[in-house]
Amino acid sequence: MPRKTGPLLPLPDAPARRRFRTTLLAWYRAQGRDLPWRRTRDPYHILVSEIMLQQTQVDRVLPKYHEWLGKYPSFEALAAAAEDDVVQTWRPLGYNIRPRRLQSIAREAVSNHGGQLPSDEATLLSFKGIGAYTAGAVMSFAFGKRAAILDTNVARVLFRVFVGEGEPKSHAMLKHLWELSRAVLPHKHVFDFNQALMDFGATVCTARKPQCLYCPMRKRCAYRNGAST
DNA sequence: GTCCGGTCCC
DNA sequence: GGGACCGGAC
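According to UniProt numbering, the first sequence is numbered sequentially starting from 1.
Note that these hints are calculated values from the structure, not bench results. Hints may contain errors.
Calculated pairs, SDA-like style, for lysine to any residue (alpha carbon to alpha carbon, straight line, at most 20 angstroms) [what the hints assert, rightly or not]:
| no. | residue 1 | residue 2 |
| --- | --- | --- |
| 1 | Lys175 | Lys188 |
| 2 | Lys209 | Lys145 |
| 3 | Lys188 | Leu9 |
| 4 | Lys169 | Trp27 |
| 5 | Lys71 | Gly94 |
| 6 | Lys188 | Lys71 |
| 7 | Lys128 | Ser170 |
| 8 | Lys188 | Arg19 |
| 9 | Lys145 | Lys71 |
| 10 | Lys128 | Leu150 |
| 11 | Lys188 | Pro12 |
| 12 | Lys188 | Lys64 |
| 13 | Lys209 | Trp27 |
| 14 | Lys188 | Arg21 |
| 15 | Lys169 | Pro186 |
| 16 | Lys145 | Ala122 |
| 17 | Lys188 | Ala14 |
| 18 | Lys64 | Arg29 |
| 19 | Lys219 | Leu93 |
| 20 | Lys169 | Arg208 |
| 21 | Lys71 | Pro92 |
| 22 | Lys169 | Lys128 |
| 23 | Lys219 | Pro92 |
| 24 | Lys71 | Arg29 |
| 25 | Lys188 | Arg29 |
| 26 | Lys71 | Leu93 |
| 27 | Lys128 | Val87 |
| 28 | Lys145 | Val87 |
So the derived label-pair ranges between C-beta atoms look like this [to be verified]:
| no. | residue 1 | residue 2 | range |
| --- | --- | --- | --- |
| 29 | Ala172 | Arg208 | 42 to 50 angstroms |
| 30 | Gly114 | Arg91 | 13 to 21 angstroms |
| 31 | Gly114 | Arg220 | 43 to 51 angstroms |
| 32 | Pro10 | Glu121 | 20 to 28 angstroms |
Values in this document were obtained by computation on a predicted structure and should not be read as measured data. Just so it is clear, CB atoms sit at the ideal spot from N, CA and C, and this is done for glycine as well.
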């Protein structure tokens with residue numbers, strides 16, 4: 001017996017992908033937020049921001065990001081710090097396993113990778129604290145690779161625009177949303193595009209009270225207009 | 001009080 | 001597949 005599979009969800013055709021990219025990038029250039037980790041390509045700075053942004057909103061991360069980089073300006077500095085000090089500095093962001101994992105990545109980078117963060121997906125995923133989302137973020141933001149991302153914001157945006165109905169959190173849906181994230185990814189402007197996806201989900205296509213009036217996709221959004229028909 | 005969230009681990 | 005982690009938003 002073949003395993004039960006959900007209905008096959010189609011990926012958007014080339015014109016639809018292109019419209020989405022163009023619209024989203026135009027929105028981002030006009031409305032995207034100016035955040036400090038969007039002005040750097042330093043892998044250490046990118047990694048610190050991404051670990052902090054796991055389960056933590058931008059407004060709470062901003063001051064801690066600056067404090068952290070002031071205190072631990074490099075992988076070497078973080079690797080050499082006392083663990084208790086590192087955990088204390090992290091407060092009150094929460095999920096206090098994260099600073100320990102960040103420091104262990106720093107120590108690994110210093111000991112085994114010449115003080116650099118590895119850029120290949122398999123090595124990034126081998127670090128505790130780096131999962132599929134953070135690996136994609138690091139590859140695209142720090143190393144300029146054409147890597148897709150899927151965090152909760154991106155998943156919500158892609159689900160609403162291109163799918164609109166079904167179980168948003170099912171395993172099959174998440175697999176489809178990863179495929180969508182890869183399918184819509186442009187060849188150029190990958191950094192801006194991925195930042196735009198997250199920014200759009202965080203500020204317009206929000207979980208509660210989405211700002212559809214200000215959404216440049218509203219006329220083509222499957223969720224807003226009804227997925228079928 | 002209830003929901004939310006990336007990753008790890010069971 | 002489901003719970004733990006830790007705080008904030010509503």
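Do the hints match the structure? See the list:
1. The straight-line distance between the Cα atoms of Lys175 and Lys188 is roughly 24 angstroms, outside the 20 angstroms bound, and the hint therefore fails.
2. For a cut-off of 20 angstroms, the pair hint linking Lys209 to Lys145 is broken: about 34 angstroms separates their Cα positions.
3. Restraint check for Lys188 and Leu9: the C-alpha separation of about 26 angstroms exceeds 20 angstroms, so the hint is violated.
4. The hinted pair formed by Lys169 and Trp27 fails the criterion: a straight-line CA distance of about 27 angstroms is larger than 20 angstroms.
5. Annotation: proposed proximity of Lys71 to Gly94 holds, straight-line Cα distance about 19 angstroms (limit 20 angstroms).
6. Between Lys188 and Lys71 the CA atoms are separated by roughly 35 angstroms; this puts the pair beyond 20 angstroms, and the hint is violated.
7. The hinted pair formed by Lys128 and Ser170 fails the criterion: a straight-line CA distance of about 25 angstroms is larger than 20 angstroms.
8. At roughly 15 angstroms between alpha-carbon atoms, Lys188 and Arg19 fall within 20 angstroms of each other, so this suggested pair holds.
9. Straight-line distance between C-alpha atoms of Lys145 and Lys71 comes to about 29 angstroms, which puts the hinted pair past the 20 angstroms bound.
10. The hinted pair formed by Lys128 and Leu150 meets the criterion: a straight-line CA distance of about 18 angstroms does not exceed 20 angstroms.
11. In summary, the hint linking Lys188 to Pro12 is supported, as the alpha carbons are separated by about 19 angstroms, within the 20 angstroms threshold.
12. Of the pairs offered as hints, the one joining Lys188 and Lys64 is violated, with about 32 angstroms between alpha carbons and a cut-off of 20 angstroms exceeded.
13. For the suggested pair Lys209 and Trp27, the alpha carbons sit about 19 angstroms apart, so the restraint of at most 20 angstroms is met.
14. Pair hint Lys188 plus Arg21 holds up; C-alpha atoms about 10 angstroms apart against a cutoff of 20 angstroms.
15. Taking the CA atoms of Lys169 and Pro186, the gap is near 25 angstroms; set against the 20 angstroms cutoff, the hint is violated.
16. With a C-alpha separation of about 14 angstroms, the suggested pairing of Lys145 with Ala122 holds against the 20 angstroms cut-off.
17. A threshold of 20 angstroms between alpha carbons decides the hint, and for Lys188 with Ala14 the separation of about 15 angstroms falls inside it, so the pair holds.
18. As the CA atoms of Lys64 and Arg29 are separated by approximately 26 angstroms, the hinted pair breaks the 20 angstroms bound.
19. For the hint pairing Lys219 with Leu93, the CA-to-CA distance comes to about 39 angstroms; that exceeds 20 angstroms, so the pair is violated.
20. For the given pair, Lys169 sits about 16 angstroms from Arg208 by alpha-carbon distance, which is consistent with the 20 angstroms threshold.
21. For the suggested pair Lys71 and Pro92, the alpha carbons sit about 16 angstroms apart, so the restraint of at most 20 angstroms is met.
22. As the CA atoms of Lys169 and Lys128 are separated by approximately 24 angstroms, the hinted pair breaks the 20 angstroms bound.
23. Proposed proximity of Lys219 and Pro92 is contradicted: the alpha carbons are some 42 angstroms apart, above 20 angstroms.
24. Restraint check for Lys71 and Arg29: not satisfied, since their Cα atoms lie roughly 32 angstroms apart, outside the 20 angstroms limit.
25. Straight-line distance between C-alpha atoms of Lys188 and Arg29 comes to about 15 angstroms, which keeps the hinted pair within the 20 angstroms bound.
26. Straight-line distance between C-alpha atoms of Lys71 and Leu93 comes to about 16 angstroms, which keeps the hinted pair within the 20 angstroms bound.
27. Proposed proximity of Lys128 and Val87 is supported: the alpha carbons are some 16 angstroms apart, at most 20 angstroms.
28. Between Lys145 and Val87 the CA atoms are separated by roughly 31 angstroms; this puts the pair beyond 20 angstroms, and the hint is violated.
29. The hinted window of 42 to 50 angstroms between Ala172 and Arg208 is violated, with their beta carbons roughly 25 angstroms apart.
30. The supplied range of 13 to 21 angstroms is broken by Gly114 and Arg91, whose beta-carbon atoms lie about 31 angstroms from each other.
31. Remark: the range hint 43 to 51 angstroms for Gly114 to Arg220 is upheld by a beta-carbon distance near 47 angstroms.
32. Separated by about 27 angstroms at the C-beta atoms, Pro10 and Glu121 satisfy the suggested range of 20 to 28 angstroms.
Figure legend: structure checked against the earlier numbered hints; hints not met, in rising order: 1, 2, 3, 4, 6, 7, 9, 12, 15, 18, 19, 22, 23, 24, 28, 29, 30.
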